[in-house]
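Chains as they are written, first to last, in the working numbering: chain C, 5 to 484; chain V, 692 to 1141.
Derived from the structure by calculation, the hints contain no laboratory data.
Here the structure is a predicted model, which is why all the values come from computation and not from measurement.
Take the hints with a grain of salt, since some may be wrong.
[Claimed, not checked] Here are the computed lysine to any residue pairs in the SDA-like style, where the Cα-Cα straight-line distance is at most 20 Å:
1. V/869 / C/268
2. V/782 / C/139
3. V/743 / C/354
4. V/743 / C/133
5. V/743 / C/82
6. C/126 / V/783
7. C/89 / V/813
8. V/869 / C/283
9. C/126 / C/30
10. V/743 / C/30
11. V/779 / C/15
12. V/768 / C/49
13. V/743 / C/49
14. C/79 / V/722
15. C/37 / V/776
16. V/743 / C/463
17. C/95 / V/827
18. C/143 / V/869
19. V/808 / C/82
20. C/89 / C/15
21. V/819 / C/96
[Stated by the list, open to error] So these bits of chain V aren't anywhere near chain C, every CB distance computed over 12 Å:
22. 697
23. 704
24. 980
Glycine included, C-beta positions come from ideal geometry on N, C-alpha and C.
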Amino acid sequence: MKDRLLTTIDFLKSRGVTYADIRYVRTTTENIKLTNETVDTLSRDLDQGFGIRVLADGAWGFASSAICTLGEMRKVAGRALAIAKASALVKTHDVTLAPLVPATGRFETPVTLDPFKVPLSKKLELLSFVNRVLRRDRKIQVAEASMDFFRTEKIFASTEGALIEQVLTESGAGYTATAVDSGEVQRRSYPNSHRGDYGTGGYELIERMNLKDEAERVREEAVALLTAPVCPSGSRDIVIGASQMALQVHESCGHPAELDRVLGTEVSLAGGSFLTVDQLGKLRYGSRLVNIVADATTPEGLGTFGYDDEGVPAQRTDLVREGVFVGYLTSRETAPVIDRTSNGTMRADRWNRIPLIRMTNINLEPGSVSFDDLLADSDGALFLDTNNSWSIDDRRLNFQFGVEAAWEIKGGRKGQLYKNALYTGITPEFWNACDAICNRDHWHVWGVPNCGKGQPMQVARVAHGAAPARFRQITVGVSR
Amino acid sequence: MIGKDKIVTLLGDTLALKLADQGEAVFVGSESGLTRFANSIIHQNVAETQSKVFFRVAMGRKLGVASTNSLSRGDLKAAYRAAIKIAKAQKENPHFESLPGPATYPDVSTFFSETAKFTPRSRGLKVKSIVQVASRRGCTVAGSLTTGTGEVAVVNTRGVAAYQPLTSASLSVIAMTKNSSGYAEGLSRDVGALDVRAVAGAAVDKAVACADPETLSPGEYEVVLEPAAVAALMEWVNYIGFGSKAMLDGTSFMCNRIGQRITGEEISIHDDGTDPAGVAMPFDFEGVPKRRVELITAGVAKGVVYDSLTASRGKTVSTGHALTPDSSGEGALALNLFVAPGDSSLPQMIAGVGDGLLVTRFHYINGFLDTPHAVLTGMTRDGLMRIKDGRLQGGVKNLRFTDSMLRAFGTVKALSAQRQCINAWWDSLGCITAPAVHLGSFRFSGQTGF
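Please take these sequences and the hints and turn them into a complete structure.
What follows is the structure, encoded as structure tokens:
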């Protein structure tokens, strides 16, 4: 395959392109989902093909195909070139790329237990056990438990001389109990909602999740929520659980820090960003406790890799340092706008998609307080746990998140349970209200396997390191 | 395009191995191009040729699914065998009775040669005209223009051999001034039916009309929702309520309410994959003909859509709304939604508002807040306007809404006679055909600074 890619690169060079790259991607996927002890999804998928990106006449063209013959590659290369020339019909300037030393290398996710070699029977037994425990109350109408595994093999070559091979393995699992009674529906999930938690690595990640141990608690909390009072509305101090903090970082820092979005190229779908380039180094994004990094080298993070899909090595970049907004997620095309080189965040979800700036592991760095000490110091606050709903405006300012469960903190413990809890705010006001973040003992890198962006839609797998954190006087509950 | 004969033969030959009690092969293929523009230039321009074959096999009541995007006979056989291996490894599915049998499908025109022949250069020239329309009025534009062809085929060992060729074309345009924006879109299987300049003009008109928006406090307002706004709400209402899984699981707002009034009596919603007024598709991914299904009629909950597995679970029959085999655990989904028209018009509805808002569209709606009450939240976007004494007053900074759609659509005052096809999550397989809607009350819960 490498020879075919390099021959195609030579062909494109002979056509006088300014720049071109070709990516071959082969992805194997296994999805398993049990609902009420019936396997409703058990599927394997093999998907392979290549995509060619061409810069010619100052504009981009991209074409792709699943037929991986040399003849098809040459044909698709010609198509990508023709598309670039069509793009040049509507341009105001030529695209230029930040300089890059072309890389040659190989990266492979460290894997202890190959998830594709673990017998199906073992996976099904674990998910069945969880299903049975969750269903031990008749009010649990739906018990769902799932596992997903991905192996992506990539080869990247460019006209600049890059030649990179990568093998990424990703694993995840989780479950949800849905309690239904008298027109009320409530859910609890473990280790996170939206199919659970994910990381780069093998089946050892699943074994470490202790899926069996938490099922009783999850079931009981789901049933208890049915009769819990609705979370009262008002301005309250809140302590947000680590997995919900991960989504908060995702929506209100990760997405607005994407420099392509800032420069307007995501406006046609998900919108722009309030983090405009005039704010770089100036905006007080949050309190001095808030430090957020983009780190594609975080061990086991779902946003961890060796090189991005432009061949830029994985790296760590400050986005927010002591509350000040200091950095973006960049590409070779966007980085020069802020006089920097790419920090390596361009990724495509498969061979048939053009790379876009995507989050890597966007981590809220841990603070210094223990969770117990934080609760002891938060009398009257609400503890909000596990995402249920999410929405944010097209500049990433006005957000509203719903969580599965909320408890009033009394005497250093979780007290009254509330259902249907929502909190809302404006991004910089919210982060400036942060006055405590738990320490590394409570910090975990949460995988988000379904981050959507771009047209045609691309789904990226990203991650967020986060620990529980406290925010003062946040609007909780909203009118229905 | 590969064509019916080749695809059906290829799939049939693999299934002819007779290694499973029953076997099904679903082919989904496409050749598509998308030209994306922003800041009034083309910044992304892509083409894709992709196909996927899903095999679903039954060994007794044990089901297995495997898929591949390779059409080589060897890879197809390997995927088929993988599905069998998976089926053998798992437990019986009590809801599986049988794969569907052969059926006849309505003859629906879904392929337009002009769309199939549309080139990247053709799209580039259309985008150029959009930029020209906008720049004359001092606006920049962002958006996308997509054209493509597709083929869907379903073959099974019980005699199903369904095939449909498709084309699709869609356009979205956001026009922007310094402090406002406006949105318009177009959708058709026939690219010739897309009036690109008119769509661009509508977006520009809205952006200019919304310049220098005022700030308005959240609260309860009378609203006129344009078709794109109605469709965005319906997309989520459909997802959380009109599918069989949500109904059977007890999470849908339709549960225990069939036969009861749940919205204003002016509201009627149905699904019909055979109606060419939408984006038609005559059969589902099990090869079952799509039936017209009444979901809400004159405000009364009537029913939901089913695939064969959920139909068995619900002791009814499939309505022809199965998703691809890898998604069958999600149940059925209504992909060809129609909100019935009324007898009003957008200008008449605006004229009927004393103090309220015109909503062009919504952004980032979420419907998981409280599904039994169909509570949604989301933001307005690209053209929120104040209406006073029956006249448009200018732009308003965006607001967040949080409301029960059953409550809000219980206050319906009028619907427009004219409807528009609006693109939905499911792209070329269907759309939401919606009128503009005048609601007496809609609850806004927050605001932005723009």
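Outcome of the hint check:
| no. | hint | result |
| --- | --- | --- |
| 1 | V/869 / C/268 | 13 Å, holds |
| 2 | V/782 / C/139 | 18 Å, holds |
| 3 | V/743 / C/354 | 14 Å, holds |
| 4 | V/743 / C/133 | 33 Å, violated |
| 5 | V/743 / C/82 | 24 Å, violated |
| 6 | C/126 / V/783 | 17 Å, holds |
| 7 | C/89 / V/813 | 12 Å, holds |
| 8 | V/869 / C/283 | 18 Å, holds |
| 9 | C/126 / C/30 | 26 Å, violated |
| 10 | V/743 / C/30 | 14 Å, holds |
| 11 | V/779 / C/15 | 48 Å, violated |
| 12 | V/768 / C/49 | 13 Å, holds |
| 13 | V/743 / C/49 | 9 Å, holds |
| 14 | C/79 / V/722 | 14 Å, holds |
| 15 | C/37 / V/776 | 17 Å, holds |
| 16 | V/743 / C/463 | 18 Å, holds |
| 17 | C/95 / V/827 | 17 Å, holds |
| 18 | C/143 / V/869 | 54 Å, violated |
| 19 | V/808 / C/82 | 18 Å, holds |
| 20 | C/89 / C/15 | 17 Å, holds |
| 21 | V/819 / C/96 | 12 Å, holds |
| 22 | 697 | 15 Å, holds |
| 23 | 704 | 19 Å, holds |
| 24 | 980 | 24 Å, holds |
Figure legend: structure checked against the earlier numbered hints; hints not met, in rising order: 4, 5, 9, 11, 18.
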